[in-house]
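Visitor: If you want the building blocks of each chain, they are given just below.
Number of protein chains: 6
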Amino acid sequence: MAQAAAHKFINEIGPGEVVNGVYVVREPILRSTTRGDLYIAMFLCDRTGQLNARMWQATEAIYKALPKPGFVHVQGRSELYQNNLQVVVNNVATIDPGKVVVENYLARTPKDCGQMFKEVKDMVGSIRHPQLAAIVHEFLTDEPLMESFCDAPGGMKLHHDCIGGLLEHTHNMLRVAKSILPLYPRVQGDLVLAGVFLHDMGKTEELAYDMAFSYTDSGQLIGHITKSFLMIQRKVDALRARGVTIDEDVVDTLSHIILAHHGSYEFGSPKLPATAEAFMVYYLDDLDAKMDQVTAAIDNELSDTNWTAWQNALQTRLYRKRIS
Amino acid sequence: MAQAAAHKFINEIGPGEVVNGVYVVREPILRSTTRGDLYIAMFLCDRTGQLNARMWQATEAIYKALPKPGFVHVQGRSELYQNNLQVVVNNVATIDPGKVVVENYLARTPKDCGQMFKEVKDMVGSIRHPQLAAIVHEFLTDEPLMESFCDAPGGMKLHHDCIGGLLEHTHNMLRVAKSILPLYPRVQGDLVLAGVFLHDMGKTEELAYDMAFSYTDSGQLIGHITKSFLMIQRKVDALRARGVTIDEDVVDTLSHIILAHHGSYEFGSPKLPATAEAFMVYYLDDLDAKMDQVTAAIDNELSDTNWTAWQNALQTRLYRKRIS
Amino acid sequence: MAQAAAHKFINEIGPGEVVNGVYVVREPILRSTTRGDLYIAMFLCDRTGQLNARMWQATEAIYKALPKPGFVHVQGRSELYQNNLQVVVNNVATIDPGKVVVENYLARTPKDCGQMFKEVKDMVGSIRHPQLAAIVHEFLTDEPLMESFCDAPGGMKLHHDCIGGLLEHTHNMLRVAKSILPLYPRVQGDLVLAGVFLHDMGKTEELAYDMAFSYTDSGQLIGHITKSFLMIQRKVDALRARGVTIDEDVVDTLSHIILAHHGSYEFGSPKLPATAEAFMVYYLDDLDAKMDQVTAAIDNELSDTNWTAWQNALQTRLYRKRIS
Amino acid sequence: MAQAAAHKFINEIGPGEVVNGVYVVREPILRSTTRGDLYIAMFLCDRTGQLNARMWQATEAIYKALPKPGFVHVQGRSELYQNNLQVVVNNVATIDPGKVVVENYLARTPKDCGQMFKEVKDMVGSIRHPQLAAIVHEFLTDEPLMESFCDAPGGMKLHHDCIGGLLEHTHNMLRVAKSILPLYPRVQGDLVLAGVFLHDMGKTEELAYDMAFSYTDSGQLIGHITKSFLMIQRKVDALRARGVTIDEDVVDTLSHIILAHHGSYEFGSPKLPATAEAFMVYYLDDLDAKMDQVTAAIDNELSDTNWTAWQNALQTRLYRKRIS
Amino acid sequence: MAQAAAHKFINEIGPGEVVNGVYVVREPILRSTTRGDLYIAMFLCDRTGQLNARMWQATEAIYKALPKPGFVHVQGRSELYQNNLQVVVNNVATIDPGKVVVENYLARTPKDCGQMFKEVKDMVGSIRHPQLAAIVHEFLTDEPLMESFCDAPGGMKLHHDCIGGLLEHTHNMLRVAKSILPLYPRVQGDLVLAGVFLHDMGKTEELAYDMAFSYTDSGQLIGHITKSFLMIQRKVDALRARGVTIDEDVVDTLSHIILAHHGSYEFGSPKLPATAEAFMVYYLDDLDAKMDQVTAAIDNELSDTNWTAWQNALQTRLYRKRIS
Amino acid sequence: MAQAAAHKFINEIGPGEVVNGVYVVREPILRSTTRGDLYIAMFLCDRTGQLNARMWQATEAIYKALPKPGFVHVQGRSELYQNNLQVVVNNVATIDPGKVVVENYLARTPKDCGQMFKEVKDMVGSIRHPQLAAIVHEFLTDEPLMESFCDAPGGMKLHHDCIGGLLEHTHNMLRVAKSILPLYPRVQGDLVLAGVFLHDMGKTEELAYDMAFSYTDSGQLIGHITKSFLMIQRKVDALRARGVTIDEDVVDTLSHIILAHHGSYEFGSPKLPATAEAFMVYYLDDLDAKMDQVTAAIDNELSDTNWTAWQNALQTRLYRKRIS
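Residue numbers (this note's numbering), protein chains in the order written: chain A, 21 to 344; chain B, 21 to 344; chain C, 21 to 344; chain D, 21 to 344; chain E, 21 to 344; chain F, 21 to 344.
Only chain A is shown next, with the shape it has when bound in the complex (with noise of 0.2 Å):
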């Protein structure tokens, strides 16, 4: 914590200071001046942001030996160039990633991640429908991917945006389906669930997270729909080459929830909600990452009015003060 103390964060660079510290370097470049001196532009990235840096009479040795992206320590000066703000690098060298105070650079639910995927399991264990849960055991004994579930985002920049994210939020609609389910005794209450555990699950292959968060290639052409829709096919498949019988509308079912759980065409969802089930985690996904987006929104909110700041994905300000 004293170390993290001493991180200058990106955020809080002004001009004409000097900067000395560790930022993850991305998308460094080679090139040449007019004259033929070789250059590196590159970004300096935490978690607060990211800054252009350039590092004059820079030689091809020192390109190479840059991770691309990865960890490095800087030493440089900030300054405005053609209005933006920009580092000149004077040395920059290669880290070790274990000497790293990764919450510098990544943010983290600051949740207990072995509690959540332990009641995450525990929640979906309830599922009694022979099939549906072998499909749910089989992504649960994979133990590459459920690592992966326990690290990765739940998004981008709306909500959730932290490691543990995309768990926290399956956590908690796991538990807001369990809580409401007797409510609705029509519903199929095992396809919420299962449809809830995996409705994000392609997250973990749309989205990088080792140093900063982006979208993969693969994520960008795919999208996380898509993707957590195949995983659930690849996992039936293997499912019934082991003789393990699925059938064919339970598979459609499920998948259906994850097609349509984006609730409109709109917002990419190939399939509009035709079941109950795919309507309710709809619904407890917005919920649940619209309750993320308002808090945060209004916690991170600097002044000190009764008004956040103008929220684009809302269209609109969210007034913060409660009632007393």
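Errors might be hidden in some of the hints.
[As the list claims (entries may be wrong)] Below 25 Å or equal to it, Euclidean Cα-Cα: the simulated BS3-like pairs (lysine-lysine) are:
| id | chain 1 | residue 1 | chain 2 | residue 2 |
| --- | --- | --- | --- | --- |
| 1 | A | Lys-247 | C | Lys-247 |
| 2 | D | Lys-131 | E | Lys-198 |
| 3 | A | Lys-341 | D | Lys-88 |
| 4 | B | Lys-310 | B | Lys-247 |
| 5 | A | Lys-198 | B | Lys-310 |
| 6 | A | Lys-198 | B | Lys-131 |
| 7 | B | Lys-247 | D | Lys-247 |
| 8 | E | Lys-177 | E | Lys-131 |
| 9 | F | Lys-247 | F | Lys-177 |
| 10 | C | Lys-198 | F | Lys-131 |
| 11 | C | Lys-198 | F | Lys-341 |
| 12 | F | Lys-131 | C | Lys-310 |
| 13 | C | Lys-131 | C | Lys-177 |
| 14 | F | Lys-88 | D | Lys-341 |
Calculated directly from the structure, the hints in this document are not laboratory data.
Dock chains B, C, D, E and F against chain A, hints included.
Guide: Just chains B, C, D, E and F now, kept in the frame of chain A:
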């Protein structure tokens, strides 16, 4: 019940049949033919639909005696006219509403309204914020209003369109709210409970439902959102007139939930949700309405196929098959 | 053809006519009247439409013997009931599908499917990229799938809604692609050809077309875009299982074309086009579909005026007069 | 005026300049640096814009003495910080608002408000319908409200955004209504005049305008449409409490004009116009607002070209050249 | 008038009635039955609607003698066929149009067209800008065009759909413009008056209205906005050919009003309003059209209720009750 | 070329640099400071962008001597002012446009315009319909217009925004049309070829491109769609004046293609496509534009990542990696 079985429902009448039973007459008009003979045009209705009807050789006395609207015993015959089924009425006599099997004309929730209202009172009774509690209490002690609240339908067509539907919808939303509020500790639960209780209160004035469901003039001109808002203001005025302190921000925050509970301008909300509580009431309302709508569409489907007819409001057909 | 001429098409039946011919029966239901008599409700169809039908004095044996759906010889009479034409069936007997003039029930492309499929194979045979060629080859050698590919309709209503329509549409798009690719040298032609070949492959599973065109349950829950995507993944899995190297970015780039080929979220694409190849397939698909739709609307117009009836999907009437 | 000329407007301050003048301070916050020193963050405003400001080496006494918001005399210097202009404040002292040239901080309509208000009273004085006349009279005799009505701005940004703007807008709409009502004899002129007079009355509560234009909390949570509606209800309640008969349909029809005057859900009306009078008020409001907005954009354009800058709210640039 | 009363209007014909009167025949087609007999399919119309008709045992001579379209005396009988009312024609004879009560076939404005046109001339005669005055004069002296201008309908369905409707609409808009222009002194009144006069002039070519209202082929392909634009260009060409100077910016500014007068792309304007004058003409057009549309819907409502039927173009029902 | 290399492009100028070179001056304005000194505000532009500039101690003589707009040699210095880069000009002198390397100020297509125009003539020379051929010939022999056609840009920002861009776009669309027309034999090829040739002809009048790309006043008021339409009418008028017969339906059908070629109201087409030919031109136009836009975005991307920056007009980033 034996009597109810004897009623021939509007949607069971074919062309060329004898009509002899009790129906609701609506919008009777006295007109004269080109030859100067008087006749009465009217609608005959029950809970399954309505038909045009004509009584030829009518008199002004008959017309004046007709309830507008009301229950009448009709004798006549059905026929096709210009491609539409209509009833030619020979005799029409006003009927004592007390002798009518009202369930033939207005559907009623199968649930126990007394029990539901008791539970509603218990749930909103848990509100600890004294000003909100006072406002809610002001509503609960308005007996004529609470009677209407227990009788009013929840909507015209899409969901809870039955006597007691508003109570059923509010009751269920309150149960859902109570069960998930502990999972969102940042949300001000008292506001959500009060908001849910009052969100559709204006439907008691927007909808008429003595003999058939329809909008009141005032309901169509003003709408239930604005009417619910006004009811709160009036109750607050009454409290203040009695010396009870109600802070303006409490009224505004509660009113905002009502004004924003349709979630978007497109659906008639004059304000977008700007608090976590307003978002939560919006989602719980939409979730509960959709669960009812989907269930009803599936239950009312007459064919034996796996899919319902096209649901225009949902832009899809619904899948009826349950996983076995 | 003599036989075909004798068939009385559904859209030629007026009220009060004798019905005596072969139709497809769909969704038969055994019900009982209020007096307890059994009757069968069903639809009778051919390629021009469908009619409600009722068989009174039915027995469970008759009901069980009915194909659901299938071809039957029907004897009865048409009549108006509650403003709608229906058929009162006196006799119904299952018919050997082999003896039926199937063209009366399902329209078929007038083009030579064998020749078209041969040309499709030739055109995609020109793909030089070894991994794309391997994927395409995996499809071409899947005989049951290729049989479905040659039989499936191109759509339900708007374009190529005939047996062989999918092949006709794909064949024509490939010809267009081949002819314009030389004019866009920056576009990766192999990707476009593979993308065109596979873009609607999932329609073989989305649509049923043995006796009448309809959606399969799975088709409605999942959709042909996601089904086409899954087919590609499965073929790639099979290739990799046999040791063939298929790079992830090749699969993703090809899959992206399929996912984006409706061009906008509004039309059910879960991804917007993000490559030149995805844009090209989207335009070629839309162009070919519209050319078929416009031509069909003009050909099917019954009046002699210069304009077709209103085309709801195009939001206009179409001008039929050619410049002379 | 000499004094006004001496004021350095916010939009005239460049980097590195001395700042020495009276500004409105808004949202001051007392914070401590990482070293524990106190400083004050605040905004400095006048009618041309606002700037961030920081006072280092501040004390709690200074902070407490600051108006929040209010007029202060500031001494300091402008500088660029993280690419944004800010003011470093050395000295700040509260100023007696009575000694301030208020026009520097709030724009005011150039028209004669007394004269306009007199004409408004004359025009609505022509209303013959006794109940409407009574409602309007109830507003005209509410002196504090009429004072606000004469001072309030017509809007925040797009039109009539100046002290007296609401009066100017209402006055002009009334003049237009008076002049065209004879051309639409079927329209109930009294309703239109009352509707125009009251349509934006709620802006007196929605907008704050003592030192700078802003929304009140209540304004943002409730909105001026609903506030105008409520004002009418309250005046009617007061009239009825005094024994004056006001029919419900008169209140509803008038209220409907207010609720529908934005013309579409998209622009925040909870009801669509359903009477000729509601349509007319909507068009007159929009026409008058657009005339002001277009004229202002053309007048405020600084360049000498034939076109203004892009007008985002109108999705076009405006043509300034007049035909000669 | 006695004669007019004797006409049986299309919307008064029920099934099984004798048809014996004068109607407009449209789109007659000579066809042959499957047995080779000739028959004629056609529509019979008057101002209340149209019906399908069939003449069996027709001959080519009868077909050739039919006007296409034109007035005919028809003898026959109405019947239901495939659920639709149609007329079986026994005899058909062409009628001299001069002997027809044309008001039965085309509605006509009740106002005095001569008087209205005189007033139009007076109002645009007040234009002082010499070039605009010259353009307007060029139109006023085009006698065949002015005759069409006085006869053409204002629209097809929504407003002013009667002979003289275009004149009535333009006349009223000019009166409104004259009365409010003094209230907007910044607006260039001459441009507004010329723009109003010419805004819909292309409807004289877009709509056909000799026997029934319909679009011309050219009208559907080009549209009245573009046709009005072209008329102005042609008149300017003619003026210039005679040596009259018309500046390009005068033509462009006037043309812009025509191109932008539907107010948004969505309603077919290829340009959005970019001058105060274009905005004003758009609002005056929309206001006048809506006043006519609302008034007509209220007048044409047949029921005695307080509300009209649903108005699809307005997305509401209209309230008919006047405050008393 | 040596000279071109010496030009310092606008987007290469940083703060605090000497500026000494030839730029386009635009919108110069003579103003006076509060102290009464004269200065000139202006923009300096080249093909990479534009900068604000100020010349202090200016005189009316200097101002009058400036071209408005035109080429000038500028001496001065760049600096930051209110967060924006601007140029303080010491000396400015008008330059003979003949001595300027025009490519520095306006980008030019790399393709051979003479060759492209020859091929355009050959392709439209294949039109066999005599009236269409006559219309096209009338354009081809209008030498000043054809010169503009060869020089004009294809657009302002999104595609073909270079000198010769209109020709390049039209040429490529014609080649695509020629190659696919044989695959759509029902489509009237002559109409498509003439439609493609003329679809954007109005851009020669909509866009100005002597020193920098901009809209003409007339272009902004009228738009290129309507201008293209008018050009066709004028050519037809000229042909008819010389006694050549051109049928109205030929002009209308061709004009319809021009009016409908943006494909939807939303994109400024006043008519939706209503013929196969109009649909085809719309798709070919959109396809060719998107291919250019995507290729340009990928080529212009400066980073080395697999994705371009966000493309607002396409609502996505573009994937740049080619499959290897």
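Visitor: Against this structure, judge whether each hint is valid.
Guide: Hints and how they fare:
Among the hinted pairs, Lys-247(A) with Lys-247(C) is consistent with the structure: their alpha-carbon atoms are about 13 Å apart, no more than 25 Å. The straight-line distance between the Cα atoms of Lys-131(D) and Lys-198(E) is roughly 24 Å, inside the 25 Å bound, and the hint therefore holds. For the suggested pair Lys-341(A) and Lys-88(D), the alpha carbons sit about 17 Å apart, so the restraint of at most 25 Å is met. Annotation: proposed proximity of Lys-310(B) to Lys-247(B) holds, straight-line Cα distance about 23 Å (limit 25 Å).
As the CA atoms of Lys-198(A) and Lys-310(B) are separated by approximately 19 Å, the hinted pair is consistent with the 25 Å bound. The hinted pair formed by Lys-198(A) and Lys-131(B) meets the criterion: a straight-line CA distance of about 23 Å does not exceed 25 Å. A distance of roughly 13 Å separates the Cα atoms of Lys-247(B) and Lys-247(D); the hinted pair therefore holds under the 25 Å criterion. Between Lys-177(E) and Lys-131(E) the alpha-carbon distance is near 19 Å, which keeps this suggested pair within the 25 Å criterion.
A distance of roughly 20 Å separates the Cα atoms of Lys-247(F) and Lys-177(F); the hinted pair therefore holds under the 25 Å criterion. Taken as a hint, the Lys-198(C) and Lys-131(F) pair is honoured in the structure, with Cα atoms around 24 Å apart against an allowance of 25 Å. Restraint check for Lys-198(C) and Lys-341(F): satisfied, since their Cα atoms lie roughly 23 Å apart, inside the 25 Å limit. Pair hint Lys-131(F) plus Lys-310(C) does not hold up; C-alpha atoms about 33 Å apart against a cutoff of 25 Å.
Restraint check for Lys-131(C) and Lys-177(C): the C-alpha separation of about 19 Å stays at or below 25 Å, so the hint holds. Distance check on the hinted pair: Lys-88(F) and Lys-341(D) sit about 17 Å apart at the alpha-carbon level, within 25 Å; holds.
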